[in-house]
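Visitor: Protein sequences appear in the order of chains A and B.
Counting from 1, position 56 in the first sequence corresponds to residue 58 in the working numbering; the numbering is continuous, with no gaps.
Counting from 1, position 284 in the second sequence corresponds to residue 286 in the working numbering; the numbering is continuous, with no gaps.
Not one of these hints is a red herring.
Covered stretches of chain B (in silico footprint by chain A; criterion: 3 or more residues with CB under 8 Å from a CB of chain A, positions within the stretch not fixed):
(1) 35-46
(2) 381-389
(3) 409-418
Simulated crosslink set (EDC-like; lysine to aspartate or glutamate; CA at most 20 Å straight-line):
(4) LYS449(B) <-> GLU84(A)
(5) LYS204(B) <-> GLU63(B)
(6) LYS222(B) <-> ASP151(B)
(7) LYS73(B) <-> ASP53(B)
(8) LYS449(B) <-> GLU75(A)
(9) LYS222(B) <-> GLU250(B)
Keep in mind that the hints were calculated from the coordinates and are not lab data.
Predicted model only: the values in this text are computed from it and were never measured.
Just so you know, even glycine gets a beta-carbon here, dropped at the ideal spot from N, CA and C.
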Amino acid sequence: MFRRLPSADGGAPSLRVTVDGVPVALRPGETVAAALFLAGHKAGRTTPVTGSPRGPYCMMGVCFDCLVEIDGEGNRQACMVEAREGMVVMRQMGARALDDKKASSC
Amino acid sequence: MTERFDIAIVGAGPAGMAASLEAKMHGLSAVVLDEQPRPGGQIYRRADARDARLEAALGAEYAHGMALTEKFLAAGVAYRPNTTLWDLSPELRLSILRDGRAGEIDASHVVLATGAMERPVPVRGWTLPGVMSVGAAQILLKTTGAVPDKPPVLAGSGPLLYLLAAQYLAAGVPVRALVETQPRANYWDAAPHLLSALWQRKLLLKGAAMLRALRAHGVKRWQGASNLAVEGNEACTALTFDAGGTRERIETELVLLHEGVIPNVHVTMAINCAHDWDATQLCWRPRLDAWGATSVEGVSVAGDGGGIWGAEAAEHTGRIASLGAAERLGKISADARDRAAASSRASLGRLRGARRFLDLLYKPAKGQRQPPDDVIVCRCEEVTAGTLRQVARIGAIGLTQAKTYTRCGMGPCQGRMCGPTVAALVADTRKMPEASVPPYRPRAPYKPVTIGALAASVGTETPTDASIGAH
Numbered sequence: 003m004f005r006r007l008p009s010a011d012g013g014a015p016s017l018r019v020t021v022d023g024v025p026v027a028l029r030p031g032e033t034v035a036a037a038l039f040l041a042g043h044k045a046g047r048t049t050p051v052t053g054s055p056r057g058p059y060c061m062m063g064v065c066f067d068c069l070v071e072i073d074g075e076g077n078r079q080a081c082m083v084e085a086r087e088g089m090v091v092m093r094q095m096g097a098r099a100l101d102d103k104k105a106s107s108c
Numbered sequence: 003m004t005e006r007f008d009i010a011i012v013g014a015g016p017a018g019m020a021a022s023l024e025a026k027m028h029g030l031s032a033v034v035l036d037e038q039p040r041p042g043g044q045i046y047r048r049a050d051a052r053d054a055r056l057e058a059a060l061g062a063e064y065a066h067g068m069a070l071t072e073k074f075l076a077a078g079v080a081y082r083p084n085t086t087l088w089d090l091s092p093e094l095r096l097s098i099l100r101d102g103r104a105g106e107i108d109a110s111h112v113v114l115a116t117g118a119m120e121r122p123v124p125v126r127g128w129t130l131p132g133v134m135s136v137g138a139a140q141i142l143l144k145t146t147g148a149v150p151d152k153p154p155v156l157a158g159s160g161p162l163l164y165l166l167a168a169q170y171l172a173a174g175v176p177v178r179a180l181v182e183t184q185p186r187a188n189y190w191d192a193a194p195h196l197l198s199a200l201w202q203r204k205l206l207l208k209g210a211a212m213l214r215a216l217r218a219h220g221v222k223r224w225q226g227a228s229n230l231a232v233e234g235n236e237a238c239t240a241l242t243f244d245a246g247g248t249r250e251r252i253e254t255e256l257v258l259l260h261e262g263v264i265p266n267v268h269v270t271m272a273i274n275c276a277h278d279w280d281a282t283q284l285c286w287r288p289r290l291d292a293w294g295a296t297s298v299e300g301v302s303v304a305g306d307g308g309g310i311w312g313a314e315a316a317e318h319t320g321r322i323a324s325l326g327a328a329e330r331l332g333k334i335s336a337d338a339r340d341r342a343a344a345s346s347r348a349s350l351g352r353l354r355g356a357r358r359f360l361d362l363l364y365k366p367a368k369g370q371r372q373p374p375d376d377v378i379v380c381r382c383e384e385v386t387a388g389t390l391r392q393v394a395r396i397g398a399i400g401l402t403q404a405k406t407y408t409r410c411g412m413g414p415c416q417g418r419m420c421g422p423t424v425a426a427l428v429a430d431t432r433k434m435p436e437a438s439v440p441p442y443r444p445r446a447p448y449k450p451v452t453i454g455a456l457a458a459s460v461g462t463e464t465p466t467d468a469s470i471g472a473h
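Okay, chain A solo, but in the shape it has when bound:
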C-alpha cells in the first residue's frame, strides 16, 4: 500500500525489525506502524469483537486500531512506538493473549 520515496542522503535504512518473522529495514525515528506497511501488510490485527481485519487509521495515537504485539507484549500502539534494532513485531489476531504464567505469579 505504501512505498518509500528515495531519501535525500541516499543512505539505506539501518535498523532491522521483524514483522511476523519477516525482516524489515527502517531508519531511526520510524514507527512500528510504518514497519507494518513497508512489510506489505494492510491490516495489523483482527478485532476481538467480530474478528474483522483492521489497519492503522489515524497514525497519531487516537484510534487504537494499530494495536500489535511488540516483543511479546500485546495491545501496543504501533503508531506510537519507534522501531528499535531487533524488535519482534507480531500482528495481533483477536484479543491479546494473556500470559498465564506471568499473571499467576503475582
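Keeping the supplied structure of chain A fixed, place chain B upon it in accordance with the hints.
Guide: Quick look at chain B alone, frame taken from chain A:
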C-alpha cells in the same frame, strides 16, 4: 519521586513549544511533556530530522516548524518525550507514564497544548484496511517519506485534502481523484467572509496554487459528492458515491478520508472544565478567558485544543497562556503581561478572521457525520448507527446513556473516535440541538496504563511485567 515545576506544559506542538519559550523568558521553571518521541506535534511531525527532500515537498510552513523545533530543543527547557499524561488532579498533580513507568509531576500552573484530532468520518466501509485519514497518510509522509504505491483517492472536505494531494504531486506521486463532499450551499455561507480572508492573502494564494497543481496534473475532482461507501471484504477495493445525479465508482486500494479537525478535549472534559459547542466548527471547545485560562483554577489551554485556528495562531495562544501564567504566579505585572501580549493579540485577530471563511466553506455535510444504519460508528466495540438511533429513540438522551446501552465508547480509544458521531445521531434522532446532548465524561486513566507500570513507580518487588490492566 515527584518533581516540581512552576509550569507544566502538555504537548510539544507549536503551542507547547512557544509556551515553554515564553515561560522561560519570564523566569518560570517549565517542563514540556509530549506523548510523541520527537517535538513538533502533528503539524511539524519529524521536523527535527531536517530531511531536505521532504522540506521541498512539504513547503515553507514546515520549514518554519523546523526552525521553531530547533529553537525549542536549544532553549534548555525540561523536555520529556514519550511521556503520556494519564491523570491531572485538582491540586495540579500530573500522573504520567514514561518508558513503561508511572511517575508524578507537581505544577503551580498547567498549560494543556494537546492540539487537535481529525474528525472521524464514519462512511460505509471506513473500518476496512486500506482506509485511513488524510492526516494519517501525511504523517507517514513526514515521518517515513512513505507514499502510496498506487494512486489513492482523497475524499471529504477541508484544506488538508488539497494540501496532501499537492504534496504528493510535488513528490512525483500520482493521485487518482479528489471526491469533495462540502455542500454547494457552503459557498454562499462563506462568501460574506471572503473579505476578512483577503487579509490573509498568503493563505488564499497558497490555496489557489494547490488547485492549479491539481489541474496541471489532470487530477479528477468530483464536487458535491454524497453517500460515500468503501467497497471490499478484507480490504478496500473501491470507493462509490453519488455526484451529479449518478452513482460513481472508482477502483482503488487506498481511500484517504478527511472532514476537518476538532479540538482534542479529552483532558479538559475529564477535569470538568466548562465547554461550549461551536456550531460552525461542529465541536466542543473549552471555555477560555483572554489568557487561555479554563474554568478550572491554574489550568490553561493553548493551541488547537481550545478551538481550531491553525499552527500559526497556536504559537500566539501558547505565548499568551504563558504570559497569563507568569502574571498569575507573580513573576510579571499585569501591565508587563499586557504589553508583551499585544503583538500576538493583533496577529490572532487577523488569523481568526480568515479562519471563519474556511470553516464555513468546508463545514461537513450532514451525511458525512450521520451514516446509514448499517455503518459502524464505534470502531472499538463495533456498534452501528442503527443501534445508536434505536437506543436514542428508547431513551438515551446523551452519550453516557448510549454507552450504558450499547458499550459504544468503552473500547481502548475511550470514545475519541465515536463521540462526535454518537452525539450527532442522538441529537438528530431526538430532535434536539447538538449543544444540548451531554458528551462523554472521560475518566482517568486518559490512556490505558498497565498494572506493571504502576507497580514499577512505587518501587516494590512486584514483577513489572505483570501487565494485566491494559484492556
